[in-house]
Structure formats: C-alpha cells, structure tokens
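Chains as they are written, first to last, in my numbering: chain A, 1 to 370; chain B, 1001 to 1411; chain C, 2001 to 2532.
Since the hints were derived computationally from the structure, they do not count as laboratory data. Ideal Cβ placement from N, Cα and C applies to all residues, glycine included. Please note: incorrect hints may appear among the correct ones.
Mimicking BS3-like on lysine-lysine, the simulated pairs with C-alpha atoms at most 25 Å apart in a straight line are [what the hints assert, rightly or not]: (1) A:K9 to C:K2087; (2) A:K9 to C:K2366; (3) C:K2522 to A:K9; (4) B:K1016 to A:K9; (5) C:K2029 to A:K305; (6) A:K9 to C:K2199; (7) C:K2029 to C:K2039; (8) A:K305 to C:K2030; (9) C:K2515 to A:K303; (10) B:K1210 to A:K245; (11) B:K1379 to A:K305; (12) A:K300 to C:K2027; (13) C:K2511 to A:K213; (14) C:K2522 to A:K213; (15) A:K245 to B:K1016; (16) A:K259 to B:K1198; (17) B:K1016 to A:K303; (18) A:K245 to B:K1381.
Going by beta-carbon spacing under 10 Å, a handful of chain A positions derived as facing chain B [what the hints assert, rightly or not]: (19) F115; (20) D118; (21) Y135; (22) L171; (23) L172; (24) P176; (25) S210; (26) G247; (27) I255.
Per the computed footprint, the stretches of chain B lying under chain C, defined by three or more beta-carbons under 8 Å from a beta-carbon of chain C, are [said to hold, decoys possible]: (28) 1034-1047; (29) 1361-1368.
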Amino acid sequence: MANLEAKDKMSPWQLGLVITSGLLTARLLPTTTLLIRDAQQFGWLSSALAGLLFYFAAYLMIRLGQQFPEETIGEYVPRLVGKTLGFFIFLIFITIPLLNIINCGITITSLYSTFLFDQTPRVILLITLLLTVIYCTLQNWGTILRVIQILIIALPMLYMFYSLIWINFDLLNLLPLWPDNFTGILQPIPYHTDYYPGYEALLVLLPLASRGKISFARAVGWGFLVVTFMYVLGIIVLVGSLTVKTGAMVSTPVIYAMKSVELPGTFIERLENYMITLFFPVTYISMVISYFVVAEGCRKYFKCKDHRTFIPIFLPLIFFVSIFVDNPERHAILIKFSMFLAMFFSFIIIPLLLFLAWRMKGRTQRCPTE
Amino acid sequence: MPDRISNGNAANIALKIIAAGIGLCVFLLTTGCWDSKEIQDRNFVLVAAIDDADIVNKSEADKQKAVTQTFVQKQGTKEYMLSLQLLNLAKTEGKGGGPQAQRTFVFSNIGKSLFEMNRDILGQSSKSLYWEHLSAIVISEAAIKKQGLLPIIDFLRRDPEMRWRTKIFITPGEARAIAQYIPPNGEAGGRYLDGMLKNHKKNIHTAGAKTDIGFISQAIDNDADYAIPRLDYTDNVLKLGGLALFKNNTLVGYADEYITQGIRYIYGTERSAIISAKCPEHPDDEIVFELFKNDTKFIPHIEGDNIYFTLDITMRGNIGEINGIAKHDINDLAFLHRVEQAIAQTVSQNARDAWEFQQQLGIDIPNTKARLKGAHPFKWKSFEDRWDEIYPTIPLIVSVNVNIQGIGEHD
Amino acid sequence: MGSSQHYRFHKLSTVQPNSSTLETLQKLKKLQNLVQQSKVAAANIRQVIKALDKVAAQAGQPFLFSKCLEINERLVRNTLARCDDVKYRTFRAGQAKALLVYINGLTDTNKLETNVIDCLITAAHVSIITKPTEVITNILIGNCLLVIDGFSDVLVIDSAKYEKRQISKAENEDASKGPHDSFNETLSDNIALVRRRTKDSDLKVEILEIGARTKTSVALLYIDDLVKPGLVDEVRNQLLAIRIDMVILAANIEEFLTNQVWNPFPNVLATERPDKTVAGLYDGRLSIIIDNSPSVLILPVSLQDFMQSVDDYTTRPSVASLIRFSRYISAFLAIFLPALYICVVAYHPGMIPSGLSFFIAELRAKTPFPASIEALLMEALLEIFQEAIIRLPQKLSAAAGVVGALVIGTTVVEAALANALLVVVVATTGLASFCMPSYTFATALRVFRIPALVAAATLGLYGVAIFFVVMIVYLCSLHSYGESYLGDLFDITLLEDWKDGLLRFPAKFLKSRPKRLGTIDKTRKGDTSGKS
C-alpha cells in the first residue's frame, strides 16, 4: 500500500522533543549520590552549569551538522579527516549511544530487581527489556517518533509524582548558603553525562528534520532549558527533604526520598514503586533513540538500504556487557569510562571537526573555480 | 509495518532472530515467575519488638521455650530477642461470647543479628515473612543499653523492603509484652500502635512528626540528637507519652510529657495543643486554651561573643474549658487579656524549662547546631570545636503572643 | 518481449544491461513522485476549469447557461462529474432535442412520469442496449426486456420493483439526541440519505461493480475538493483489484482494504448512521456504500475516530470532553485492570494500604486458586457470558442477565471459587470494554486482555510496563492510508487536531479540518462566493 503521508521529515519542535526525551533517563539515579557527596547543598548549581555546558556541546553539534546538510556524521567525517581516523572517530561516536543503552539497561533492571522483585534474576529483566527495545527500533523512524510522542507523557507525570517530596522540604537542610569549598561545585560537572546523555543523536537525526519557523538550536535549547530547570528544582527539593549527609550515603537518593512521602487517605502506598514504573517509559525512549542512532549511523556509513540490518549485530555486545557488569566496582568503572568518552567526544573531537569543517568551507569558498 | 520497497532480506533475518528470541523468552518466563507469591501465602509482620535476651531468664519455662525458639551460633553472642507480631488470616471465632477473635500471634527468637533471627523464625512459620507492612518497631530500654540503637536498626535501614514511615517506640519495660498486647477494639496490634502515634497532631504529650524510622535514620546520618516516643505498658494498659532522648545513638534520658510539650513548642510542631493555665483572678481555677494555629520563629543570633536564640510564638485559639467554681466574666476584654497573658506565661515557662532540661543533658533536639551553622556559617567556624562547652550556656529568649479568638458556645 | 500469450519472466538486465535494482528503485521513486505530482496538478486543473466557467457567469454562479444543448450538457456534466447516481436522459421533445437530468433515489419517478415524461414522450426509462451481458444483467436486476421482431436492437424498460426494509432506527449505534434514521440495504436509498444532508455539487459518487459472480454495486463517495490528492485513486485501485466471488457483507470488502490482515483493530469505521458518514466526508474522508449491506465504511480512520460518538457533539463541550476522556480511561482499564489486580495480589501487596491488603489477604485465604488462575477462570466465564448474550433470542436475554449476575456474581463467591474483589474487578473490566462507541474496537481490546494478564502473572508490574510499551509500539506501527493508528494522538505537529482528540473543544474553536487527513481545503469556513 502506498504511503500517502504528506510529511516524512520531523519539524524542529519534534527534533527538540526527541532530544529532550533522550536526556532524562534512570542513569541519573545512582549518580545523584556522587553529586550530593561532592557539591553538597549546591548540587543544583552544579546541574545548572552542566546543563549550559552540555547545551553548548549540542549547539556545536548542530552547527557541525548544518555545515553538511542532509548528511550524517558517518558520511562527512571520512571526508574531513581521512578514512582511518574517520573510522576511529565514527567508532567512538557509535560507542557512546551503545554505552548509553548499556548503562540505562543496567540501572533500570537493578532498580527493578532491588525494589520490586526479590528472586527474579536480573538477566530475565534485561532480556525482556532489550527485546522490547529492539521491537521498537525495528520500525521506521516515523513510527518511532510517534511512539516517543506518546510515551513522553510519562515525563510530566513522573515529575509531578516526584514533586510530592516538597511535603518534606525543610529549608534548614539547604543552609548554609555559602559553600565550604567551591571546587566541590565544579567537580561533579563531568558526572552529568549521566544527567544529559543522548544529545549526540543530533549528528544522525539532523538530516531527518526539515526546517521550520524555529531554528534547530532554539528548539533543542528549549528542551535543554526545560530539563535543566527540572533538575535544578529537583535537586533543591531532594537535598531539602533528605539532607546532604543522608543523600550522600544512600544508593539512590531519589527513590529513598520518595519513600518518605505518605499520602494519608489515599489507597496508594510505596510511591517509589510507582516512580520506578514511570521511569521505565522515560528510559525506554532514550534506549530506543540511542539504538536507532547506532543503526542509522552505521547504515549511512556503510551505505546500506535499511537500518534494521544493524540491529541484531550490536545486540549480543550490549547483552553480554550488561551481564558482565554486575557488581558495584565494575559499574563504577563503566560509568567512569562512559563519562570520559562522552566528554572527550563532545569537547575535543566535535570542536576539532567543526574547526576542520570551517576551514574546508573557507578553502572551497576562496577557490570557487576548483 | 515496514514499507515493502525497503523490506530487504536483512530485515527478514532480523525479524526472525527477534521472533526466536521472544520464543526463548517466553520459554524462560513460563518456567519462572520467581517472585509470584500470593498475598495470603505471606505472613505480614506488624510489629518488630526487640528486647534484651536476658529477659528470658525469668522462669524455667521461659528458658526452655527460648532454647527451642532459637538456633545454634558458632561465634558471637546472643544479645537480643526479636519478637515478631504476625497477622492471623484465619480468625478463630470466640465460642459463645468468649474472648474476641485473635487477630495476631507472636514468634520470638534470640540471637545477635536481626536478619539472621528473622530468617530463623521461618523455622516456626508456615509462610514466608513479609515486612512491607511493618507498622511499629518497639525497642526496650534494656536492649538499647547494650550497644546503643545503631546495631538494632541497621537491618531496618538497609533492607529495601522497609518503609520510611514505620513508627518506632522505646519502652522501659518488656517489648515482647507490647507485641503480645491485644487492643480492645479488635484492630491488629501493629495498626493500633501506628494509629496511636498518628494522633500526635492532637496529643501534645508525644511527638510524631519527625520520629519515624526514616527521620531517625536521617538524624543518625547527620550526627544529630533525636527523640523517640516512649511507650509504657503495665497490666494491660498501654500508654504513649513522653520521649526517649538519644545522643550519639545512646539513650541519655527521658523527657516527660511536660518537657515534651516544651520541646514541641520550640520546634513549632504543636498543631492543636491544649494549654492550661491558672486563672489570673482565682488561682484554684484552671482555664484551658485550645490552640488552632501557631506561628513559630526560632532564630539564632550571634552578636559579638554572645550567642542566643529567640523563640517567637504567636498562638491563636479558643477557650476550651474553664475548670473552676468561681464565676468568670468572659466577656470582659480586660479579663480575657489577662487570661492570654497567663497562657503566654505558661507556654514560655514550659519552653524555657524544656530548653534548660536539654542543656543539662547536653541534648540538642531542635538541632540548634545546624541552625547556627546555617544562619551564620562564617562565625560558626570560630567556635565550632568549642560547641560542647558553649551549648549549655546559650540562653533562649521566649516571647509568646496569645490571641483568644473564641470563647466557645456556652458561657 | 515479443512472446506468445503466456507470460514469461525475464531479468531486467537481459533487456537493459547495466541496470541495477538500486537505480531502478530510485527511478521508481521518481516516477511515483511524478505520478503524485500529476494528481495534484489534475486536481488544480479541475479547479482552474471551474474558475474559467465562472468567468462568464453572474456573481456567485458557477457557470452561465447558453442556447446550445451540447454546451449546457457539458457544463452540467462537468459540475456533476463522477456522480454516477446522476442520470442523464436525452430524448426528443417534439422537434427539439431535450435532456432530462435527475438523481436516482432522490427523485420520485411517479411524479417524474406524470408531470414531465407523459407530456413529452410516451415511455419512461427506456434505453437501447446492445451488449448481451448488460441485457442479461438488466433482466436479473428486474427490468423488462422488449424484443421486437425484425429489429436487432432490444429495448430495456426500467420497471424494477425494489423489496426493501424501511428506513428505521440504528440498531447498534443509537444516539440520544442525534437523528435516528439509519442506512438500509438498498444502495440508492443509502446514497439518497447522504445526498439529502448535503446539497454540495462536489460530492462525487462513483459506482463500481465488485464480485465476479454477484456483481454487487459499490459506491465510493467523497468530496472532490477536500479529499487528499491520490487517496481516491488509491482506494479505487484497491477496490478494483479485489478478486472475489461474492460480496454480501461489508466485511468482505473491508478485509481487502488493508495489508495488515492479522491486526485485531479495525482500520475502517463501519457505521449505520448517515450523519456520521456526512461528517466523515466533510473531514476529508471517503465513504464506501455497499449494496445489500446497511454498514457503510468510512476511511481513513485512526484510533481517535473509534473513540468518538455522535453524543460528543450533541452535548455541551465540557461534559463531552469529560466523557470522551473517560472513554480513554475505560479503554485502559478494559485491558489492564485484571493485570493490575494480579500485580497487587501476587507480586506487590505493599503498594496498597495495610488495612486493604489485610482485608484482601483474609478474603483470599478462603479460595483455593492462585490469583492468575482465578483471573483467567473469571475471564473465560465473562467471555462465555458475552458470547451467550449475543446468540440468545431477545425474549431470553433479560433472563440471561439475571442468570449471569447470579452465577457469576453471587454463586461463584459463595462456592469460594473466587473472591468478591475479583468479581468486582472482572465486572468493571467488562463494563469498561462496553463503553466503547464501536463494537469491533471493543472486541479488539479483549484480545489484549489475556496477554496483559499473562505478562502480569510472569513479571508483575515490570511485565505490565513492558506489555504496555509493546502495545503502544504496535498501535503506532499500524498504518492506514498514511495515517498512523495511534501515533497522531499526541503528535505535536498536529496541534490543531488535539482540539477534537482527547477532549472536545467548543465548536467555535474547531475551525479546521483534521490536519492529519491532508485535505486540500483546511478551514471549515463557509465559502461566500456561492458554490454550485
């Protein structure tokens, strides 16, 4: 049946929505402990600064993408830096969303097996999760976009649920308003790769978006603003209701804070279970976007017809790495590695590529007859 | 549905692999259901009572029973006795107007680690123990005196199945007796205890706003002092009143109802208190003030070398009762004003008494340390290490303002 | 290829060397684009012709009649192009040629005969037919054949008597405040019911014949200047490609209008109401009326259209919005309520207040079955009950209601086979699934109830979350003529459509047609230039 869809490209607002929905995942839950431990009652400032920083990286990526319209990173990087180096950069680019999927999978399955289940092996939860992710990624981008637009309703519901913590807010826990050491605020900024993951998808998704009334940078900027605002308020209320010392000692402060909320007169209790359930679609969306980015990026790099070819290729890798990381030590190593790689790619490789692209453009403009 | 034109072989193979994966998954899943346990197949733990293990040395019968109830330990001591009150699903009906159907029953065990004792109790139980509906934790004073509070509640803090808002009590007597207590209204024991403490909004002689296990845990993390409600049980009479005061996780004393009231005034958590004062004209009579709304400001001040705290309370309420023989002209505004002053005097005296009581014990329940540090972080640094010497000398300046808004229905 | 009658397949590269599938695909794509563009161009050209006809006319009129019969006939034919129910009858009125134009079904043929034809000619509805197959078909319809000795031309006289059911109330879709007439089994009557509601010359009626043996007439209705270009051709091609023996039910055609044959959700809306059909036409949809079937198909539709009912538009907007929103909640409950019950009872009893969970535990202590088996048993009982109610004759169905209530409700609980809470859950689920305006949609929801139950029984709340997500992905992947089934519900590029999606905004705000249907004319404003 012919597809009579009049539109086959995203609008800029949809691109902003996609990037935003990839930003909030369950990955932030264990990282909050590290954030509170280092930045103490100024975690919110740390998050705000990190939001600005990562938006800057996203902005650079948009500019890079706009130098090569209709092309994904796999197509123009070999032209910029040569085949071998281009392959390595592309490999790094692919690894980041893969690590995102692995981290999200590990975190959400650990959450479920700790708080909701007792004996169920984490492997089973992981298998079902990965199969569900693949089922969505096998569809075409139009369907995935629509799934995202529906499942993202869970995000405001999650935040409204989380806002119940305000009941236990005590301003005293946020005082004093002067930090003991300023470096403590800047130290956790690299950890925020767990708070703002997935914006590398821009490098592959930009060709799928058409121009509209608003520029891409603005749309993505609004998305970052909303998420940063949510994080800032969220961390303020978290520290205000939990105190810094408790937040630094608990494995998942957000879930622990939800336990303190009691709604007398209603029939719901153990609100942390509801919260974990609402985290599921939000994390799922991020995993789907990452997997699609990997498949689509590879498709364009290897010039294949269909992104579905690459989906079974990465599945065993993701599964086995997720199973291998099953104790806190290995998890810490994985988080550090993901953080390092993401920062390296966003703040060293991308500016370099942008610089090379500008130079290349400058050269071609200067010699138009060539 | 994928577009026909781009549906190449690769997509077919991918779909086949996924179908095989789903088949494998279904196979695995149907052999599983690891955590499926029917609700009636669980024993709900309602009360966890922790006693000193020595209480079983009361009688020979008790000692024999204790040996059956417990287990062999290669190393370590047997310090605590854990008694669990479990819900009885099959209610036994009393025969011909006999005693009420027993809703709960109690199992006990003796050991050191609560987790170990908990699992060993499965040797006495036909169903697995389910802690998610734990309503009350009762700890006896003797158990606390052994090694403090921390070893006892670590299991309850660490396990993800526990709830933050479980109520915790300290009792000077035997905790197991409270677990065995059958409430007169037929409620399950744990729910009864939970409900008792939830009355804290109206009952100013006990504190319940920040004394759940989660808040206690938070205070422990912050190295702060905390208070736990006190339960007394004598001859089938269960009474909640007063607080047990803890410093560095050890019990340092009890605050009686009067001091508890004073502490609540300082904290600002008195919701609907009843304050009785002597009538200014007829000292034998008592006028009772029913508080509806209060506005409390507890502010630290540092001026040079002087540290002091100010407590400003504004209270609004009604006259609840005039308990006396003499006739009072309640419509006389001057008289009402004197009544207000008398009540304010009572409140401020109460607050000061509580403040001094705490200072004598070296306890800091309203967390004045954190308030000072929060309000004056730079000056705090200068006397941070001398805090223990300074604290008993800090005065509290109380000013109370009472407004009587109503005098009730009948004069 | 220069071969004989039978077909042989050759490789493209033997005929055209150096060709590759990739290139061919690209060229095919270009060709498709060109065809699409040409359809748009054709639609534009039709508009241009209309505009040209208007030039000579008076203000507000589409054309001007001239003295020549042929020109007048052309002008009327152009305006009423592709309306196959319009009949043209040329004859001689004395010396001059005459043309009679009327719509079969709307015109009272008796009046026509007495007032017009008797004065001018002596016989009504007479035609000369040359093809023998057409003659036989006409006889089978009920017309009579006049054969005159000496002449090879035969005359067919229109004299069919249509046995038909009177126009009555809609059986399955009655609305409380809307009109009560519904389609019957006669094609001309049904087309007439639609035509009566709109005097729009752009309403085109194309009559096709489907069914190799039954040769059933099927009418395709659409509003010419509203519908998406290419959609009509696509549907018409699909209808003409149907190769079946007989068409006796609307469902026979419905199943061929989709590629996703195993999908439980309906992708065309079958309705008995003419007002729903006309509303759909003016949204930019097509309507298919099948002879001998009271069900009229409306397409393309998506999930939102199955959740709308006529009552939404006859009650106040705020009330209608609440009711429509509650339908979505009911759809969710109809699938997930038994699954959530199993989650709470078997996996996470900590999520309900202590008092309630003690109460449930005490209830369940008396029943023997595990929660999942119990729920499946009650589901099976509910399904049997629902099937039985449909089959019973009307006189017994009241008694069956009582029996059902007794059996399922009271007796099962007293026999301690299931607990009372489960009966409430299952009853609520059943009622929630009956809330759907479309019966086929409600039955589709039932298909998902058991997998949800199984998912909850294996993995608790996690299983329910997984199943929910899988269901959303499945519904979004369904396509119906370019429209995603569920996906357009919260699409942010279709923000104008949200006003009539989850909620129903007041009519003042519903100024544009659904953007997702891709209509040519988006606004619902009246055209004051006067359409013909």
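Status of each hint after checking the structure:
{"no.": "1", "hint": "A:K9 to C:K2087", "result": "46 Å, violated"}
{"no.": "2", "hint": "A:K9 to C:K2366", "result": "59 Å, violated"}
{"no.": "3", "hint": "C:K2522 to A:K9", "result": "21 Å, holds"}
{"no.": "4", "hint": "B:K1016 to A:K9", "result": "29 Å, violated"}
{"no.": "5", "hint": "C:K2029 to A:K305", "result": "14 Å, holds"}
{"no.": "6", "hint": "A:K9 to C:K2199", "result": "39 Å, violated"}
{"no.": "7", "hint": "C:K2029 to C:K2039", "result": "15 Å, holds"}
{"no.": "8", "hint": "A:K305 to C:K2030", "result": "17 Å, holds"}
{"no.": "9", "hint": "C:K2515 to A:K303", "result": "35 Å, violated"}
{"no.": "10", "hint": "B:K1210 to A:K245", "result": "17 Å, holds"}
{"no.": "11", "hint": "B:K1379 to A:K305", "result": "69 Å, violated"}
{"no.": "12", "hint": "A:K300 to C:K2027", "result": "20 Å, holds"}
{"no.": "13", "hint": "C:K2511 to A:K213", "result": "22 Å, holds"}
{"no.": "14", "hint": "C:K2522 to A:K213", "result": "20 Å, holds"}
{"no.": "15", "hint": "A:K245 to B:K1016", "result": "52 Å, violated"}
{"no.": "16", "hint": "A:K259 to B:K1198", "result": "18 Å, holds"}
{"no.": "17", "hint": "B:K1016 to A:K303", "result": "23 Å, holds"}
{"no.": "18", "hint": "A:K245 to B:K1381", "result": "19 Å, holds"}
{"no.": "19", "hint": "F115", "result": "5 Å, holds"}
{"no.": "20", "hint": "D118", "result": "5 Å, holds"}
{"no.": "21", "hint": "Y135", "result": "7 Å, holds"}
{"no.": "22", "hint": "L171", "result": "9 Å, holds"}
{"no.": "23", "hint": "L172", "result": "6 Å, holds"}
{"no.": "24", "hint": "P176", "result": "4 Å, holds"}
{"no.": "25", "hint": "S210", "result": "19 Å, violated"}
{"no.": "26", "hint": "G247", "result": "9 Å, holds"}
{"no.": "27", "hint": "I255", "result": "9 Å, holds"}
{"no.": "28", "hint": "1034-1047", "result": "holds (count 8)"}
{"no.": "29", "hint": "1361-1368", "result": "violated (count 0)"}
Checked against the numbered hints above, the structure breaks hints 1, 2, 4, 6, 9, 11, 15, 25 and 29 and satisfies the rest.
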